[in-house]
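Chemist: Listed below are the residues making up each chain.
Protein chains: 2
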Amino acid sequence: MDKDIPVISLQRLPIYLNYLKSLSADKLYVTSGLIAEALGMGEVLVRKDLAYTSAVGRPRVGYVRAELITALEDFLGCKRRRSAVIAGAGALGRAVLGYGGFSNYGIEIDAAFDNDAEKVGRQIAGRPVYDISEAKTRIPALRAELAVLCVPANYAQEVADVLVACGIKAIMNFAPVLIKTPDSVTVRHIDVAANLAILSSMI
Amino acid sequence: MDKDIPVISLQRLPIYLNYLKSLSADKLYVTSGLIAEALGMGEVLVRKDLAYTSAVGRPRVGYVRAELITALEDFLGCKRRRSAVIAGAGALGRAVLGYGGFSNYGIEIDAAFDNDAEKVGRQIAGRPVYDISEAKTRIPALRAELAVLCVPANYAQEVADVLVACGIKAIMNFAPVLIKTPDSVTVRHIDVAANLAILSSMI
Chain A
110 MDKDIPVISL QRLPIYLNYL KSLSADKLYV TSGLIAEALG MGEVLVRKDL
160 AYTSAVGRPR VGYVRAELIT ALEDFLGCKR RRSAVIAGAG ALGRAVLGYG
210 GFSNYGIEID AAFDNDAEKV GRQIAGRPVY DISEAKTRIP ALRAELAVLC
260 VPANYAQEVA DVLVACGIKA IMNFAPVLIK TPDSVTVRHI DVAANLAILS
310 SMI
Chain B
110 MDKDIPVISL QRLPIYLNYL KSLSADKLYV TSGLIAEALG MGEVLVRKDL
160 AYTSAVGRPR VGYVRAELIT ALEDFLGCKR RRSAVIAGAG ALGRAVLGYG
210 GFSNYGIEID AAFDNDAEKV GRQIAGRPVY DISEAKTRIP ALRAELAVLC
260 VPANYAQEVA DVLVACGIKA IMNFAPVLIK TPDSVTVRHI DVAANLAILS
310 SMI
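Protein sequence lines correspond, in order, to chains A and B. For our numbering, add 109 to where a residue sits in the first sequence, where the first one is 1. For our numbering, add 109 to where a residue sits in the second sequence, where the first one is 1.
Simulated from the structure, these hints should not be mistaken for lab results.
Copies of one chain are not kept apart here, so a pair can be met inside one copy or by any two copies together.
Think about it this way: if two alpha-carbon atoms lie no more than 25 angstroms apart in a straight line, the pair counts; the simulated DSS-like pairs of lysine-lysine are:
#1 K130 - K289
#2 K289 - K136
#3 K289 - K157
#4 K130 - K188
#5 K278 - K245
#6 K289 - K245
Taking the hints into account, I'd like the entire structure generated from these sequences.
Modeler: If you want it as structure tokens, here you go:
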């Protein structure tokens, strides 16, 4: 992908993609103005974001919707298959496994890991739960590069270290604590409580 | 709060707060440079973000850590008690209920709503699950203004409409679909699959 896209723009691409897919099939063309209005954004912003993809808008008619969808999917790597694992098969890990929608982005969650003997050996949403000690063989075997960290805060750093040692290149961290990783590993932190606090301070 | 703070800065305030709280008790002063280095951010950015709060840094020594924590907590409304409800007591709703950490921000999740007779009347993490038809009396009685939407995508808009009609002012939407609300209602969309896709496209 174009590594120069700002993260803030990148975050909006799935929103455009979902919106475009939600339109009725007879909607062949879309303008940046239409997208901007539907999503409550500025039109210049929409046009700038879409310019990072290979899509080319035409004067007056705008974008061919199918082409724009393909451009966004290409950019987001939806056609490439990527394996992901979940660390922590508790309530949150199970919820993520059951969340669905990952395959729209070319992502398969192939396994979960836990250290609880009650959970290891079971299946959740059709995916095996392995002991965390098996990560070092399972993760390379799956060629998994993505991980979702769903362990309690006090285990987060330790488990993140294990994931990194097993070859994980990007971690989505749901634990309410910051984790440290080498520069080569990308981390995206989703602190549910902090997000609700942000929302609370906006009203 | 200062409504003029950009959302992007607001999003970083809980990160600073968590970092400051994680430092050992004998750390009385912190500089923006220290915070920036620890969190891998630019120092100017940190100083700008913190300038939205009431905290005042002093030349050379920086901020008094306890004062900066208080300033961040005040800004984020951590000392004010806010009631929140969860719509959807499935796997995700239960995971959010069990997530914890909300009280650090002054938020109490007081109830969940569902339309499944199997779930209604039970307790999850000590919180009652009510039938969604009770929302119009329960939400005003709780004076809840925050809601976390954890229902499947095809119910998201309908349930959001109910929440808004009951007086909810801000919705954190986990459903992988955009919802429409009146301008007076703030929505924060957390699409777990899209977040993983963004992360995937960054590696």
